[in-house]
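**Q** Order-wise, the sequence lines are chains W and F.
Position 19 of the first sequence, counting from 1, maps to 19 under the numbering used here, and the rest follow consecutively.
Position 247 of the second sequence, counting from 1, maps to 247 under the numbering used here, and the rest follow consecutively.
Because the hints were derived from the structure by calculation, they are not lab data.
Be aware that a few hints might be false.
Identical copies go unnamed one by one, so any copy, or any two together, can satisfy a pair.
Claimed, not checked - In the DSBU-like style, the derived pairs of lysine-lysine whose C-alpha atoms are separated by at most 35 Å in a straight line are:
1. K244 <-> K121
2. K121 <-> K67
3. K67 <-> K247
4. K161 <-> K101
5. K247 <-> K161
6. K244 <-> K20
7. K101 <-> K67
8. K4 <-> K247
9. K244 <-> K161
10. K4 <-> K20
11. K161 <-> K67
12. K36 <-> K196
13. K121 <-> K101
14. K98 <-> K232
15. K161 <-> K232
16. K20 <-> K36
17. K4 <-> K161
18. K36 <-> K161
19. K36 <-> K244
20. K244 <-> K67
21. K244 <-> K4
22. K161 <-> K196
23. K20 <-> K247
24. K98 <-> K244
Number of protein chains: 2
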Amino acid sequence: MARKVREAERALPYTYDRGKEIALGADGTPTSSLDKLAEDAILEVVMERDLPFNILSEEAGMINRGKDRTLVIDPIDGTQNAIMGVPFYSVSLALGTKSMKDVEVALVQNLVTGDTYYAEKGMGAYLNGARIRVRSCSPQDIMFLMYMGLYSAPETFQIMKRARRSRALGCASLEMCLVAEGRADAYYINCDVYEKAIRVVDIAASALVLREAGGEIVSLDGRSLDMGFNLKERSNYLAYGDEKIRKVVM
Amino acid sequence: MARKVREAERALPYTYDRGKEIALGADGTPTSSLDKLAEDAILEVVMERDLPFNILSEEAGMINRGKDRTLVIDPIDGTQNAIMGVPFYSVSLALGTKSMKDVEVALVQNLVTGDTYYAEKGMGAYLNGARIRVRSCSPQDIMFLMYMGLYSAPETFQIMKRARRSRALGCASLEMCLVAEGRADAYYINCDVYEKAIRVVDIAASALVLREAGGEIVSLDGRSLDMGFNLKERSNYLAYGDEKIRKVVM
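Required output: the full structure, derived from the provided sequences and hints.
**A** Written out as structure tokens, the structure is:
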């Protein structure tokens, strides 16, 4: 499925308007032409092969096919990067039954470089086939990845100042995979508008990758994060590799 | 020269330690093994062909070869991205005599994608051979690129909140090229520590690309930015495509 998305996206002409808002998605936000193209590529595989899953997607919502398991997809995470020409956006796929915590397999692929993060519950996390693990943090050398934008809560700036370096890369799933890979120490999102926080489709896959690499994701009151398979629930959170990061942030 | 840098970097094995600090550069900051490798690739071309330029580089400082013109180079902008595996870092090359404003030709290349920005004074700016121009800003849809980090002045967060979207991508030269290309509206850097602000090597090339694309770079007191060819001078600044952005920021 990821390959189909990548092929479809790579084949677009330079002049294609990736950002054209063509509809309102099931989650209430506008669907861009690129999101739709990517979602269609995935749905086609599921339908053609009659795969035994329901589907939960940002744009199409829940497609109940009467199955036990649900494929949770974010066809494009980082749509604005794709529009801007920043080579940092992904497709996310996760397979589970009811919530983030029961996801069995997960895949996140950088659609430009092709780098593929994969995890299987209890079996570890992998980048392009090689095992990955979080790093332990050096307090003097912390790299934070963060959501920074119109809806950032003011604490965001204070917390940013506790790290040596920070980035706001605009693609939560890949940012969490960088933490899983031990390239960065944390990803933090704190929106002061509930409707702008993260949904399960955005992070169902990257959460398993991070947890299987030895990291954890907690809500901002410190509880291990779980989110049901629906588009209503939103959450702010901290994703980290090393427990020590909790004290730095909270 | 850019091709030589890209080839050298692409050929590195996955296990190569790009971030190893191997020396102190002429600018007083540590030189990583990757910076050194890239600088050597450029110096080799200049020396082998005995090109008629002096060289000003982040790591080697000013190499006075008794010539009229100086090649101002930033072998790698975005070293931390290269270390983290974020595909957004560049090589910058600018040729001029005394300061940023007399740069005649400039080139910035994304070392992962190979995308190449080029400008010649009075002749326009180009991406992969096609003319680029800044965009006019839509006040409701502003995209800011910013420096966000340990040394960000507090105003940074307030200014960020005036845009619909923001990113901190960690590579000033490519971020300015995104403004030149009309993909983003501004790049803003405001460090409260002088020694952490930008040097001429970082932006000599991207400044010409942006100006030739119709944009401007101003210091934070609103004057058109110029910087002499040396490593001592530092500056904060706002780079924008559309004049309207000045009122949004200042």
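**Q** Which hint numbers does the structure go against, in order from smallest to largest?
**A** 3, 8, 11, 17, 20 and 21
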